[in-house]
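Below are the chains, spelled out letter by letter.
Number of protein chains: 2
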Amino acid sequence: MAALTPHAGSAHVIGITGSPGVGKSTSTNALVVGLRARGKRVGVLAIDPSSPFSGGALLGDRIRMSEHALDPEVYIRSMASRGHLGGVSWATPQAIRILDAAGCDIIIVETVGVGQSEVEVAGLADTSIVLLAPGMGDGIQAAKAGILEIGDIFVVNKADREGADATVRDLRHMISLGDRTEPGLWRPPVLKTVAATGDGVEDVLEAIGKHYAWMAEKGVLEERRVRRAADEIEAIAVQALRARMGDLREGSDLEGLAHDVVAGRLDPYAAADRVVGSLTA
Amino acid sequence: MAALTPHAGSAHVIGITGSPGVGKSTSTNALVVGLRARGKRVGVLAIDPSSPFSGGALLGDRIRMSEHALDPEVYIRSMASRGHLGGVSWATPQAIRILDAAGCDIIIVETVGVGQSEVEVAGLADTSIVLLAPGMGDGIQAAKAGILEIGDIFVVNKADREGADATVRDLRHMISLGDRTEPGLWRPPVLKTVAATGDGVEDVLEAIGKHYAWMAEKGVLEERRVRRAADEIEAIAVQALRARMGDLREGSDLEGLAHDVVAGRLDPYAAADRVVGSLTA
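So the protein sequences, as listed, match chains A and B.
The first sequence begins at 580 in the working numbering and counts up by one.
The second sequence begins at 580 in the working numbering and counts up by one.
Hint data in this document are derived by calculation from the structure and do not stem from the laboratory.
Please note: incorrect hints may appear among the correct ones.
[To be verified] No farther apart than 20 Å at their CA atoms in a straight line, the calculated lysine to any residue pairs in the SDA-like style are these: (1) 789(B) / 751(B); (2) 619(B) / 681(B); (3) 797(B) / 838(A); (4) 797(A) / 838(B); (5) 771(B) / 785(B); (6) 797(B) / 842(A); (7) 789(A) / 763(A); (8) 797(A) / 842(B); (9) 619(B) / 788(B); (10) 619(B) / 795(B); (11) 771(B) / 747(B); (12) 771(A) / 612(A).
Make the full structure from the sequences, and use the hints.
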């Protein structure tokens, strides 16, 4: 990381999130096609929060690979987040930095919208795209899931299906109710695509470019990246402190305190104070 | 916690986990009825890993309350785990200790089997019950989910449905393939219930009693509780260290380091070392 860091910082990191079935892989693929047509070097990280045993990541890799397998300017990698200490927030920034230093112009981080991982990924990206499909994500669902706040660009995919216009209208309405319509703020566009045919993908690429330009102009890009770096430093520091606690456990200091708690001689907060004390002594 | 700890340590903590639809609430309810018939004071903690916005916890509470609402010897509480820093592992041990110190003989911790929370809950319980339903949980699914390792008692609920015997047979077979059949080890029984009618619930209560006696005899009870206390102390210590890092962030130490990382002057590991250094100085 020390060797890579000076070479990183020029890639535009794009997060794509959405529920299963909205067409994330197809959309990512369509964006890669469009970016390659513009001569961009592209990295794709697909974060798979499901079990490492499911084989989903591997299968996903193989399907994705087929179209871009022979293109040396496209790197695609699935990462399982489950079971890793720290999950998405710990491993992904490092993978992003490697692709960045390797000269990717655009890095797409794709994740299934399950629970909090999409919010985590939004924290990692310069530009967050929230993908929905007609009938699946009405505005209220989106508001509940907290995605109205994290999306920089909303895309209603499978827009040839019934209900697409209603979903777009719902989303625009919900966004207009928020506080993101003030002058100078980025107002997230709501776009329609049919990723399978490529329809509307150019509009998304254009919105991505506009969002980047807006961020650069307003100083938001720097701000987001500093916040991202701070999150990453904190995650690494927590890992390091946890490792030290593991050493304590090995050394049976923690074991002894745990015995005292079970015996009722010490409460867990007092015990934790001693652990913190011995770590910071 | 300091005031409570000396009074805690006598309750038998039972974890109940299973996928949605296997009948966890009904089973918990049936166990409470059986335990009350034996004169036990019972506490129930239902961990709800879903969104705090869903209202599921509130509704669940109300449904559960109806039968035991007037019984002063039964305490029932739903807890949302999502969105809380540290989740199940941080808040639940404290809730358990309060119920324990308040004189509950048995504390049932019920959780939906989603992702890792069931494994976390297994770490909190003296006795872990894994609930399955016919056709839902064949042995291979159970093995994949890692529940074969965590269950002390397996219960196939809705045993009046087709396929119950096959599920029982599958489970017994999978367990027989594991390393839990050695002499002296606890061999998890696989029982059948129809919780809605109470059929088989006495067998489960008997197995719970036997498991407790086995743990007490073999020293496993003490061992599990020490491990649990160690986990709890560690979780509290991590919280405390995170809070200190938050202070650092406020004081803009972390901010400055993050700027250096974004500018490529410092890699995140070196930055994290400095954070750890300043915390432990």
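Against which earlier hints does the structure fall short, listed by number upward? Every hint satisfied by this model.
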